[in-house]
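Protein chains in written order, with my numbering: chain X, 161 to 500; chain B, 71 to 570.
What the hints contain is simulated information worked out from the structure, not anything from laboratory work.
Be careful, since some hints might not be right.
Claimed, not checked - Here are a few chain X residues that sit away from chain B, every Cβ distance over 10 Å (derived from the structure):
#1 Pro252
#2 Gln332
#3 Glu376
#4 Thr398
#5 Asp406
#6 Gly419
#7 Thr437
#8 Val445
#9 Met461
What the hints assert, rightly or not - Where chain B lies over chain X, by a calculated footprint (3+ residues, C-beta under 8 Å):
#10 240 to 249
#11 341 to 353
#12 358 to 370
#13 382 to 390
A virtual CB, placed ideally from N, CA and C, is assigned to each residue, including glycine.
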Amino acid sequence: MTAHASKLAVVGLAAGVLAAAAFTTPAVAQTWQPTKAVTFVIPAGTGGGADQMARFIQGVVTKHNLMSQPMVVINKAGGAGAEGFLDMKASPRDPHKIIITLSNLFTTPMATGSPFSWKDLTPVAMLALDQFVLWVNAETPYKTAADYINAVKGGADRQFKMGGTGSKQEDQIITVALERLTGGKKFTYVPFAGGGAVAVQLVGKHVDSTVNNPLEAVAQWRAGALRPLCIFDTQRSTYKDKVTADMAWSDIPTCKESGANVDYQMLRGVFTSQGVTPAQVNFYVELFKKVMATPDWKDFMEKGAFNQTFMTGDQFKKWVEANEKLHHDLMKEAGFLATN
Amino acid sequence: MEELASLMNGFYVVFSPFNFMLMIVGILLGVIIGVLPGLGGANGVAILLPLTFSMSPTSAIIMLSCIYWGALFGGAITSILFNIPGEPWSVATTFDGHPMAQQGKADEALTGAFTSSFIGAIVAVIMITFLAPLVAKFALKFGPAEFFAVQFLTFASFIGMGKGSAFKTLASMCLGFALASVGLDSVTGQLRMTFGITELLTGFKFLTAVIGLFGIGEILASMESGLAFSGSHAKLKLNAVIEAWKKLPKYWLTFIRSCIVGCWMGVTPGGATPASFMSYGLAKRFSKNGDRFGKGEIEGVIAPETAAHAAGTSALLPMLTLGIPGSPTAAVLLGGLLIWGLQPGPLLFIEQADFVWGLIASMYLGNLVGLIIVLTCVPLFAAILRIPFSIIAPVIMVICAVGAYTINNAMFDVWMMVGFGIIAYAFNKLSYPLPPFVLAIVLGDMAESSFRQSMLLSQGDVRIFWSNGLVGFIMTLGMLLLFWPVISWALDRIRTPKPA
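In isolation and in its complexed conformation, chain X is listed as follows (with noise of 0.2 Å):
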């Protein structure tokens, strides 16, 4: 029970610092270290790719020992991840709250009209970009994305099912990219709630095909039931060990190659509250490094097949800028975007 009950006093603290930071200037230090423990909001329910990454971080943090106060970490996946980020704007200037994103940093506010954006953040850093892969039940006699783009063309109009996670999130912006390829016919996006599941559906033949993130269908990958026909990229995946028995990631081509010039990477990136100093920026940066150094994380990187693109500081809020408008362009051209 201790656990819990250093859980709640944590939480206790977190919800005291917003009063605390009114009252104290943050000491402009060359150097600064967390006073207490760190809370790492996860704009996403439990399970899922970003969850698994903010516990593995928690993980390695704690069992290497990089940070002398604890680091918790709460799902706050309401409203599309709204709660999480809305929590972090609700606390400028506390920089012992740190939320690691995906693509609902830019979509959600997009789709639903929640009032925040990435502007009320102050961004860390990038971890890596998360990778995503068509992917057709294995029996199906589709060998590259040019057939299978050809066999939607051929078929009738909404004939083709696309499982994905969410809904007018990074799964269905990819399913309207395709829709360009496809001579006006239009696939049948099926939203489920996990990415798991959705590589299920796929293995049941509920749904034609996936867009599922490496991690998410890997497993089915190995056991001969899924097959990858192209990975959403420019640049195919620098991993080469074998994955299954006769293919590695690096030999799936990308969708260019394929026959579907599409790409599409999701950010893994690490944002805190807005206001805080460059110093206490820094401190996360340098964690975040440390973390990147451990074995733990290579591994971790290339399970998933992570396009391993670290960034800070200004580079970092130039690409955040441009994908924010990349994904402005696209969920516009979709009609995803909310009216209000």
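Mind docking chain B on chain X? Use the hints.
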């Protein structure tokens, strides 16, 4: 028998002193987590997950899964004693468990609940041991239409079971559906009925609702009846367990039915909560004493507890073989597997035999140890009811408030809990039944998603619900149950024509 050899190897893994110790620690922690409303098995496991990163995966999963078993056992305790479901899956246990406690039969109810939990779990583990590959294939057959059929069956098994008017049941259920639809609509990605209130983004949380409806509602009702907390005259009987056991065997049919419901719902995966509701509904429909359900029938405790534990246990099977979590707790464990460097999926049984069979062996042992621990505490738990109401009531209020707060660390939830308590009071006064309301809050969301996913798949063609044998069978069964009151009435009319 290849499985038996593997299982023996598993027992060998579990019987190291370190793993055995972890198992007992896990069970004890789990029971405490189960007793506290709000702090569910999923939260408990998530909080303790980082502790396990330095352990071997097998030791880690043994401890974490034992927390889960402990929570499954513990959930029943407060349901029976105070009408506060410690866990969502023990809501149905309150329907008959708490009336039994009020009649001074708390020990019998607790023994019944723990024993049925154990039986449900063991049946599920045996299924996992011998039928894992087969069962995993069955789970693959479940698409949105099948899920909706199962959810429909659960609702159908509840309609018309209320003592009062069927229309009141329907009204109560519809109010539950309305509350369930608040928050993000998962199919269109739009917010519904949140009116710009940030706290409503997450919708009405089932746990807040049940803590308020049952815990606070019960306190309000007791206060009205003159602060008399009935059940305080419970005698301390040390042989209560043996006495209660003597009564259990005659309910063998309920046990079998509940095990089937539980295993099925765990595997597909529907979850322990719907399993317990469906099992309760079916037991009431088919029991000879069906009309006495809700007034303190032991059968009404056995049915949901057996099913909940069978479902909770078998929920680990789709997690291991397919990588889909059958329950929120399984979702957290799934994250754990990945962190420990294991990949759930069809190959796990082959590549990580030690891990899988160690886990399965720990399921047998963990549940046995758990049963012994909780059974020895039955007289102790029952004795809590001897504390005067004026002392226990504030304690319950505090536990409820802490529980509601813990769910999301939000004060808003505590006020919502109070609001639900008042709703429960009003429901009782106007004799509207609570169970359909609760069922709609917990399942409404899922049923809606499954229905709309099915409609997307079939382009709006309702015949998808009869498109294959499996879904057609479940749907037809659901329809029969739904219209059973009308059908039986009609049959009666045909058989015995009304004398003119």
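Comparing the hints with the structure gives:
no., hint, in the structure
1, Pro252, "holds, 16 Å"
2, Gln332, "violated, 8 Å"
3, Glu376, "violated, 8 Å"
4, Thr398, "holds, 20 Å"
5, Asp406, "holds, 15 Å"
6, Gly419, "holds, 27 Å"
7, Thr437, "holds, 26 Å"
8, Val445, "holds, 22 Å"
9, Met461, "holds, 12 Å"
10, 240 to 249, "holds (count 4)"
11, 341 to 353, "holds (count 6)"
12, 358 to 370, "holds (count 7)"
13, 382 to 390, "holds (count 3)"
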